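Chemist: Each chain, letter by letter, is given below.
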Amino acid sequence: MTSLLTIEDLRITFPSRQGPSEVVRGVSFTLGRERLGIVGESGSGKSQTGRAILGLTPPPGKATARVLDFDGTDLRAASAATWRRLRGARMSMVMQDPKFSLNPVMTIGRQLMEALKFGASETRAEARTRALAMLEAVQIRDPERVFRAYPHELSGGMGQRAMIAMMLVAEPDLLIADEPTSALDVTVQVEVLRILDRLVSERGMGLLFISHDLRLVSSFCDRVLVMYAGRVVEELKASELTQAQHPYTRGLMNCLPKIEGGQRPLPTLERDAAWAR
Amino acid sequence: MSQPLLSVEDLRVTFELHRAGDLPWTRPRLLRAVSGVSFELFPGETLGIVGESGSGKSTLARALVQMVPATGRAVWQDGADLIALSRRAMLRYRADIQMVFQDPLASLDPRMTVGQIIAEPLRTHFRDLSETERKSRVKAMMDRVGLLPNQINRYPHEFSGGQAQRIGIARALVVQPKLLICDEPVSALDVSIQAQVINLLSELQRDLGLAMIFIAHDLSVVKHISDRVMVLYLGRTMELAESRALYGDPQHPYTQALLSAVPIPDPAAERAKVVIPLEGDLPSPMNPPSGCVFRTRCARAEDVCAERRPELTRAAHGVACHFPGPVAASAGRVPA
Ligand SMILES: Nc1ncnc2c1ncn2[C@@H]1O[C@H](COP(=O)(O)OP(=O)(O)O)[C@@H](O)[C@H]1O
Ligand code: SF4
Ligand SMILES: [Mg+2]
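Protein sequences appear in the order of chains A and B.
FYI, the numbering for the first sequence is 1 to 277, going by the numbering used here.
FYI, the numbering for the second sequence is 278 to 613, going by the numbering used here.
Simulated from the structure, these hints should not be mistaken for laboratory data.
Worth double-checking, as some hints may not be accurate.
Claimed, not checked - If you want the footprint, here are the derived chain B segments under chain A, 3+ residues with CB under 8 Å: (1) 496–509; (2) 522–536; (3) 552–565.
Note that the structure is a prediction, hence the values are computed from the model and not measured.
Beta carbons: idealized from backbone N, C-alpha and C, even for Gly.
Excised from the complex, chain A in its bound form:
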């Protein structure tokens, strides 16, 4: 598989009262046109890893890497113009809460048209048709209504689907989805995941799926990276989850109730300072 994204030794540091604190400490991986999951608890560095790929490390944080390559472009040296060209058009990010990512004072339609950035060869009407088709593709039944709606007029599930439409309308090669379904009901979650799934298998997109829920990630990704305290402690195939070696991965897997029943009380997740070293 040709790789779309190559990361070597990614480190992200934030200043703190006790001196610089490294929240991501040497993360390396490659991503092809596949589904790669990153799992970890809050604070393990998974979201910061995702943001750094898009050059969105919040100041005063600093990201460095030995290699940060997106399809032949060295992102470490990317100019503002390069970022503008890449973001949205070739790489996008979906976040947990559509409220933070949709512009509240613009209709969904306008935002979609903006994301499309229709070129000279396309008329406004053609672009509109494309935008409506994208809303339909994310299972919105009444695309015309949603096109005209403002974000606050949509339910949580609709808002989330509209946001995914927004991220996908430009047909990015890489999509980073940070807890894209954790605010959703299972019934909507399953739809959203199937949409993402199709984009990978049919359009050959690369997907980085970030979540704290190992069971969810492994229902749907090909490979999973498990992060603990800023490091990847284990990488495994989702289908081989039951053979996980690292006690932290096993802990994450076992500590949640299973629908088919399981241990009582739930096993608690042990943590070992040694894993962070």
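Take the given structure of chain A and dock chain B with the ligands to it, following the hints.
Modeler: Okay, now just chain B with the ligands, sitting in the frame of chain A:
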């Protein structure tokens, strides 16, 4: 069988919505958040409530303690109807019925110390308690939920989400309630922290003989903790049964759809699994469908479903559907 702790009959909550710019005499639009819900809860029992967001779970819980106005009856074990009580009389029962909410930090007063937060319900409900007695109950409760004695003078923002939820639980239990209502108590927490809070709740419930109403949208969590489970959709009960029966042999098409959506942690199995699709979106609670409220999304719907509302059957495994039955029974059916 023992006496129920609480018998709820035909509980209804209707919100009147006024639009900005409405003239004073404009009739408000009605939103029926809870419509005709009935159930019994026995001492020491946990009733789980599941349903998509907006199905009325929180409203139902809040109606039981008069946080929102309701009609119908909610009869406490001593015969008092919680819905009809005066505000003043309700206060007496508020010690017996305590709540724990989803967002632990937002539900704790940021200007109060942990000690003050946990002592507050004692000040309200047990006014004659001496200062020393109050202190010792607070300390005992902190110990019980796994908070350290030296954290008593800390403020909520100094705690993680899981720790903050322990404070919320201590505050609820310090007055020794008979019923604890938990509204999405672990939804905002990391998976690993969820397990700790779930274990704590189960343990406390067993040791203190508490009855619990446990609301969550995570079906696995609800199954783990509940004796019986009620499935709500657009403010109405679709199915109500023992946990094992509801998950093992669901009869209502909505319950079946919900369960089929739960992810299986193996990509091949997940892709191969049959998800029962829910047609379209959740209808507006301001304009619910006639007959069966689920019919606009039900693959089994027939003409009768639009004409007559199916009542929840009064059996141990109650289901509100004209064509209940296991998934396969409907597979060959041509949807109307
Ligand atoms: N104070 C209120 N005023 C008007 N509508 C409300 C109010 N509280 C809840 N609702 C509405 O009642 C319905 C049920 O909501 P809720 O009980 O919060 O559901 P759930 O807890 O299952 O997500 C929803 O349509 C919601 O928008
Ligand atoms: S009553 Fe009819 S519409 Fe309602 S759940 Fe049963 S089959 Fe479906
Ligand atoms: Mg709620």
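Chemist: For each hint, tell me whether it holds in the structure or not.
Modeler: Here is what the structure says about each hint:
By the rule of at least three residues with a Cβ nearer than 8 Å to a Cβ of chain A, the coverage given for the region 496–509 of chain B holds, with 6 such residues. Requiring three or more residues with a Cβ within less than 8 Å of a Cβ of chain A, the coverage given for the region 522–536 of chain B holds, as 4 such residues are present. Check result for the region 552–565 of chain B against chain A: holds, 5 residues qualifying (beta carbon to beta carbon below 8 Å, three or more required).
Of the numbered hints stated above, none is contradicted by the structure.
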